[in-house]
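Asker: Each chain, letter by letter, is given below.
There are 2 protein chains.
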Amino acid sequence: MRKGTLFVVTAPSGAGKSTLLDMVLEAVPLLEYSVSVTTRPPRRGEVDGKDYHFVTRGEFEDMIERGEFLEHAVVYDNYYGTRRSAIEEALQAGKDIILDIDARGAFQVMEKKYPAVYVYILPPSITELERRLRGRATDSEDVIRKRLSLAREEMGYAEKYDYVVINDKLQEAFEDLKAIILAERRRVGKNMNEIKRIREGR
Amino acid sequence: MRKGTLFVVTAPSGAGKSTLLDMVLEAVPLLEYSVSVTTRPPRRGEVDGKDYHFVTRGEFEDMIERGEFLEHAVVYDNYYGTRRSAIEEALQAGKDIILDIDARGAFQVMEKKYPAVYVYILPPSITELERRLRGRATDSEDVIRKRLSLAREEMGYAEKYDYVVINDKLQEAFEDLKAIILAERRRVGKNMNEIKRIREGR
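In order, the protein sequence lines correspond to chains F and C.
The opening residue of the first sequence carries number 0 in numbering that gives the first Met the number 0; numbering runs sequentially from there.
The opening residue of the second sequence carries number 0 in numbering that gives the first Met the number 0; numbering runs sequentially from there.
Derived from the structure by calculation, the hints contain no laboratory data.
It cannot be assumed that every hint is accurate.
If we take Cβ atoms under 10 Å as the criterion, some of the chain F residues that face chain C in the derived model are [as the list claims (entries may be wrong)]:
| # | residue |
| --- | --- |
| 1 | Pro122 |
| 2 | Asp141 |
| 3 | Lys159 |
| 4 | Leu181 |
| 5 | Asn190 |
Calculated pairs, SDA-like style, for lysine to any residue (alpha carbon to alpha carbon, straight line, at most 25 Å) [claimed, not checked]:
| # | chain 1 | residue 1 | chain 2 | residue 2 |
| --- | --- | --- | --- | --- |
| 6 | C | Lys159 | F | Glu199 |
| 7 | C | Lys189 | F | Met154 |
| 8 | C | Lys189 | F | Ile165 |
| 9 | C | Lys195 | F | Asp167 |
| 10 | F | Lys2 | C | Ser124 |
| 11 | C | Lys168 | F | Gly188 |
| 12 | C | Lys94 | F | Asp101 |
| 13 | F | Lys195 | C | Asp167 |
| 14 | F | Lys159 | C | Arg186 |
| 15 | C | Lys195 | F | Glu199 |
| 16 | F | Lys159 | C | Pro114 |
| 17 | C | Lys189 | F | Ala89 |
Glycine included, C-beta positions come from ideal geometry on N, C-alpha and C.
In isolation and in its complexed conformation, chain F is listed as follows:
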């Protein structure tokens, strides 16, 4: 069986990452979200092991201690993290995994040198990003300004990624993201067993 690929997907808030990822997950077989570990309590309807792995703070800190995380972060007093073993298991089962994560988390994974494909989703312009953020009407002026400034800063590190998808027209951005996932499955390095089998006539 072909070993899966880890796709680390990052975008500035408002670029449309979640919509795009949901579309691609729906369209492409053997593609799944990574399930994070968290210390925050489950919300109504959330299922342990599906939405998150819910653990206590003590358990989480033991995992940090044992170096089990590819990346982890604290958000509003709660821990969130991605366990290397969970990713590895899914990849070995031939699944491609999407790690939907912010730039800071993506940089942590890069530093660990874990084999992954890095995809950066961008809006067509900062001006359009601002328009979208204002359109959502969920953020205060102050938050919008911070998001825009962060977006601009993070784009300075675009070269660290492998691919960039520009979400101008949703359908085209979806096709691009899907193409990246399908193309990576055709990498020669991922198919050496298959090539050997073909060559031997089996």
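Knowing the structure of chain F, use the given hints to seat chain C on it.
Answerer: Structure of chain C alone, referenced to chain F:
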């Protein structure tokens, strides 16, 4: 404008490369075949500059002398070759170029270290390749044996390529090949100007 990518596409005879390439060229905009230079006389209906660039043997040998070819070969006493300048011009114009070529030619391009993406199209098995070659009923038993032996030998160099597309079901192989071309257009290195423009809000 984004600079185009050179795709060098190779396959054993009978793998279905021409059909696949025609489908992809039809489906993907800004994608064209490389036009070879040849010394063989034009066939009825062939257009100079479109099907081939037709030149004399003397002209071809001068081009060899001046090192103008990315690759060239002699087939049945006629020369065929790909000029670096023609590829470079098309790429600068933002077009992706398909160089449809045998393994020997592909290896010449690799040796020149010209930036290119190498795609290898394979049948689902040698057994199936044999069935397809016999099905065409165009080749003698001797030619079929030679083709199979060459296919098996060349597959030993699969690692030199970037991608492998396995043409089991035509539609799926088409989707895979199309995905490779679209994905390569999203490479961060190909989009640095665009990312800069987005960041600057233009």
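Asker: Give a verdict on every hint.
Answerer: Quick rundown of the hints versus the structure:
1. A distance limit of 10 Å between C-beta atoms decides the matter here; for Pro122(F) the minimum to chain C is near 7 Å, and the interface restraint holds.
2. Interface restraint check: Asp141(F) against chain C, minimum CB-CB distance 20 Å, threshold 10 Å, status violated.
3. The interface hint given for Lys159(F) is met, as the beta carbon of that residue sits about 8 Å from the closest beta carbon of chain C, less than 10 Å.
4. Look at Leu181(F): its Cβ gets to within about 4 Å of chain C, closer than 10 Å, so that hint holds up.
5. About 5 Å separates the beta-carbon of Asn190(F) from the nearest beta-carbon of chain C, less than 10 Å, and the hint is met.
6. Proximity of Lys159(C) to Glu199(F) is assessed by CA-CA distance (about 19 Å); at most 25 Å being required, the pair is judged to hold.
7. For a cut-off of 25 Å, the pair hint linking Lys189(C) to Met154(F) stands: about 15 Å separates their Cα positions.
8. Distance restraint check for Lys189(C) and Ile165(F): the Cα-Cα separation of roughly 13 Å lies within the 25 Å cut-off, and the hinted pair is therefore satisfied.
9. A distance of roughly 16 Å separates the Cα atoms of Lys195(C) and Asp167(F); the hinted pair therefore holds under the 25 Å criterion.
10. Distance check on the hinted pair: Lys2(F) and Ser124(C) sit about 21 Å apart at the alpha-carbon level, within 25 Å; holds.
11. For a cut-off of 25 Å, the pair hint linking Lys168(C) to Gly188(F) stands: about 22 Å separates their Cα positions.
12. Proposed proximity of Lys94(C) and Asp101(F) is contradicted: the alpha carbons are some 33 Å apart, above 25 Å.
13. Among the hinted pairs, Lys195(F) with Asp167(C) is consistent with the structure: their alpha-carbon atoms are about 16 Å apart, no more than 25 Å.
14. Distance hint between Lys159(F) and Arg186(C) is fulfilled; the C-alpha atoms sit about 11 Å from each other, no more than 25 Å.
15. The suggested pairing of Lys195(C) with Glu199(F) is violated, with an alpha-carbon distance near 49 Å, which exceeds 25 Å.
16. With a C-alpha separation of about 20 Å, the suggested pairing of Lys159(F) with Pro114(C) holds against the 25 Å cut-off.
17. For a cut-off of 25 Å, the pair hint linking Lys189(C) to Ala89(F) is broken: about 31 Å separates their Cα positions.
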